[in-house]
Structure formats: C-alpha cells, structure tokens
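S.K.: As a plain string of letters, each chain reads:
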Amino acid sequence: QQPVQSPQAVILREGEDAVINCSSSKALYSVHWYRQKHGEAPVFLMILLKGGEQKGHEKISASFNEKKQQSSLYLTASQLSYSGTYFCGTARGGAQKLVFGQGTRLTINP
Amino acid sequence: DTAVSQTPKYLVTQMGNDKSIKCEQNLGHDTMYWYKQDSKKFLKIMFSYNNKELIINETVPNRFSPKSPDKAHLNLHINSLELGDSAVYFCASSLTDTTEAFFGQGTRLTVV
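Sequences listed follow chains A and B, in order.
If you're matching positions, the first sequence starts at 1 in this note's numbering and goes up one per residue.
If you're matching positions, the second sequence starts at 1 in this note's numbering and goes up one per residue.
The following block holds chain B by itself, in its conformation from the complex (with noise of 0.2 angstroms):
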C-alpha cells in the first residue's frame, strides 16, 4: 500500500478553470502539509494541518484553499487559474514536525 497517495499524477487545464488536488494517508499521522515546488526545484510550504485544523496558512494567494474531510486526506483545491500556477505540488505527512515526512508522488500541475 502507498504511504502517501496523491491523484491526478498529472493535470493540465486552461487559464481560469478551477482544478482539485487529492491526497490520503494511511500512516495514521497527525500533520499534512502541501508543498509547491517550482522550476528551480524550491520547495515552498503553502498549508499545513494538524488534526483537520489548519496551523499554518503561508502568503499564498486565497485562490487556494485547502480542504481536509478527515485525518488522512487534505485535498488541494485551486480556483481560476493562472499560467504561474504551473509546478510540481507535493503532499506529505507526518507524525509530527519532528519526524519523518512522507511525499506523495506529486502532480504535475501545467496552466495553458
């Protein structure tokens, strides 16, 4: 079974459309995070939730927003997108922020 599962794997979509992201767990963690990490491979926290609680909302735009039904699943939905929205979003778990953290496959997100 996969740790950290992310789908679509990839996903390319028009300027302007809205677009969601899924992401499971199955480690029984308490802390999810997403990730955007652009063409010079920088990997940038966007959100990070604690037991369905959002603990930190870094200055993305509002044009994101992150959804969690329950523990193991934090969703990433994404309205109007723009061209610069295009990277590689990551999601990853862990128990807590001084354990390991586990990486979905990532989606490869592309705007046209």
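Here chain A stands alone, though its shape is the one from the complex (with noise of 0.2 angstroms):
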C-alpha cells in the first residue's frame, strides 16, 4: 500500500528547518527515506524499523510513531545541497516489495 507524503513542495532559505511526512491508514512494517537530486538516481538516507524508533544522520534524523502509521523526517539547519526530492517507502518484510510514496519537493535558496 502506497504512503502519503506532506507537504508535496516545500521551499526555504538556507539555514532553516524543514519536516516532511510520511503516513498510512494502515500500520506501516518499515518507513525507507530517500533523496534524489535532479536527473540523478536515489540515494539512501535511512529505515527505521521499530515504533517509536528515532535516528539521526547529521543534520537529518527522523522518526516513527508508536502506531507506525506516521513517520517524519527533519532536516536542521538546512544547507543547498539538501535541495532534492524525498521519499518515503514502505515494505513488508518478506513480500520483497517496496513502495514509495508520491515524493516531496524540496529547494533550499541562499
């Protein structure tokens, strides 16, 4: 089942925060986030497996609530080099299927 993302676009100025989610109606086996820069493949950022789990990756961390219907991404301080595409994904451990929400744009201005 597809997740949702919010907001679809975001747009900021270097050095402020962002959050984008990443949601089910149904509870999610695994939240996968990706970034993929323009014309180029995605690339890993982090799972998280467990409700409740948290981690963090220098200035991007991310959650997953209790239910594990909901998981967020944040991004600190934002520099240029964040400005990409996020997605979500989702996968149910040994259906070997995973699927990726619609994506979240975000650009990051000097």
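For the record, the hints were derived by calculation from the structure and aren't laboratory data.
Quick caveat, the model's predicted, so the values are computed rather than measured.
Incorrect hints may appear among the rest.
Under 10 angstroms between C-beta atoms, here's a sample of chain B residues computed to sit facing chain A [said to hold, decoys possible]:
| no. | residue |
| --- | --- |
| 1 | Leu43 |
| 2 | Thr98 |
| 3 | Phe102 |
| 4 | Gln105 |
| 5 | Gly106 |
Each computed DSBU-like pair below joins lysine-lysine, with the alpha-carbon atoms no more than 30 angstroms apart [as the list claims (entries may be wrong)]:
| no. | chain 1 | residue 1 | chain 2 | residue 2 |
| --- | --- | --- | --- | --- |
| 6 | A | Lys37 | B | Lys19 |
| 7 | B | Lys41 | A | Lys37 |
| 8 | B | Lys41 | A | Lys67 |
| 9 | B | Lys19 | A | Lys55 |
| 10 | B | Lys44 | A | Lys50 |
| 11 | A | Lys59 | B | Lys41 |
| 12 | A | Lys59 | B | Lys19 |
| 13 | B | Lys9 | A | Lys97 |
Cβ pair distances, simulated, as ranges [said to hold, decoys possible]:
| no. | chain 1 | residue 1 | chain 2 | residue 2 | range |
| --- | --- | --- | --- | --- | --- |
| 14 | B | Leu27 | A | His57 | 17 to 23 angstroms |
| 15 | A | Gly52 | B | Asn17 | 34 to 40 angstroms |
| 16 | A | Arg92 | B | Asn26 | 36 to 42 angstroms |
| 17 | B | Thr2 | A | Tyr74 | 28 to 34 angstroms |
| 18 | B | Asn79 | A | Gln1 | 27 to 33 angstroms |
| 19 | A | Lys37 | B | Ser5 | 17 to 23 angstroms |
| 20 | A | Ala27 | B | Asn79 | 37 to 43 angstroms |
| 21 | B | Thr110 | A | Arg92 | 30 to 36 angstroms |
| 22 | B | Thr13 | A | Leu12 | 37 to 43 angstroms |
| 23 | B | Asp30 | A | Lys37 | 24 to 30 angstroms |
| 24 | B | Thr2 | A | Gln1 | 28 to 34 angstroms |
| 25 | A | Ile11 | B | Thr96 | 34 to 40 angstroms |
| 26 | B | Gln14 | A | His57 | 15 to 21 angstroms |
Cβ atoms here follow ideal geometry from the backbone N, Cα and C, with glycine treated the same way.
With the hints as a guide, bring both chains together as one complex.
M.R.: Pasting the structure below:
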C-alpha cells in the first residue's frame, strides 16, 4: 500500500528547518527515506523498523511513531545540498516489495 | 566498480518497436526491482525479483516482461512500445526489502 507524503513541495532559505511527513491508514512495517537530486538516482538516507524509533544522520533525522502509521523526516539548518525530492517508502518484510510515496520536492535558496 | 549498472542510459525509439534495458548488480543481493518514474517524479514499482523468481508483478501491461538469467541480472524487455511508455526506468537491488536499496543510474526512454 502506497504511503502518503506531505507537503508536496517546500521552499526554504538556507539555514531554515523542514519537516516532511509520511503516513498510512494502516500500520507500516518499515519506513525508508531516500533523496533524489535532479537527473540522478535516489540515494538511501535511513530505515526505521520499530515503532517509537528515532534515527539521525548529521542534521537529518527521522522518527517513526508508536503506532507505526507515521514517520517524519527532519532537516535542521538546511544546506543548499539538501535540495532534491525526498521519498518515503515502505515494505512489508518478506514480501520483497518496496513501495514509495509520491515524493516531496525540497528547494533550498541562498 | 558500479554497484548497480543499467544500460543504456538513454534510449530513443519509435512507437511499435521492441527494446530491452539491462541491469546488473555486483552486490550479491537477493532482491532486484524495476521502477518507472514518470514526468511527475512518481516512483512506481513494476516488478520485484527474489533469487530469480518473480515475487510481485504490479499491474503493468504484459508488453513489459522482466527476464533474469541469473541472480545478478534483471533485464526489462518491452514489446510494442507506446508514447506513454516514455519515462525514466530505474533498476534497484537490496539484500532484503528491509535493507538499503541501491539504484542504478536510470534509463531515460523516449518513444516518438
């Protein structure tokens, strides 16, 4: 089942913070986050598997709520290099099927 | 060495033609995928292969057929190409569906 992302697009100035949400009406087995820059392939950011889990990668972190129906990606003090389209994905373990949301386009201006 | 490689990178062809896109991974992964990304950037899963067996065949036209000669390769063959097939096609692989997926560089298919 395809997760739903919000917002669809965000425009920020360098140094501002952003939050991207990923949700589903049913519990997600896992949440994957990827970033895709224009003309390039998606690149892995992180995976969350457990309800209540939080993970961080420098100034980019993510959380997975207890009910496993929503995940949020946090970008703190955004840099120009953060620009791109962010995708969340979900996979039911063992089904070998990684399904992505519709993406959130993030634009960082100087 | 490139982890997941696709060829060709660009493909321009006429309606009605048959074409193939090749994908190879050198990561020893068990699962490979094909995704279609349209102009709206939506990443739609088309196929998933696990150890050479088709696991999921999404509701794609039967003009599209995945072919896997071995665990490291998953090729996409498309018959009778249509204008709506124009998109970027990505191959990806992962150890399992709850581990990192590595994407190829994509193949931009343009049907004229």
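S.K.: Which of the numbered hints are not met once you compare them with the structure shown?
M.R.: Of the numbered hints, 9, 12, 15, 16 and 26 do not hold.
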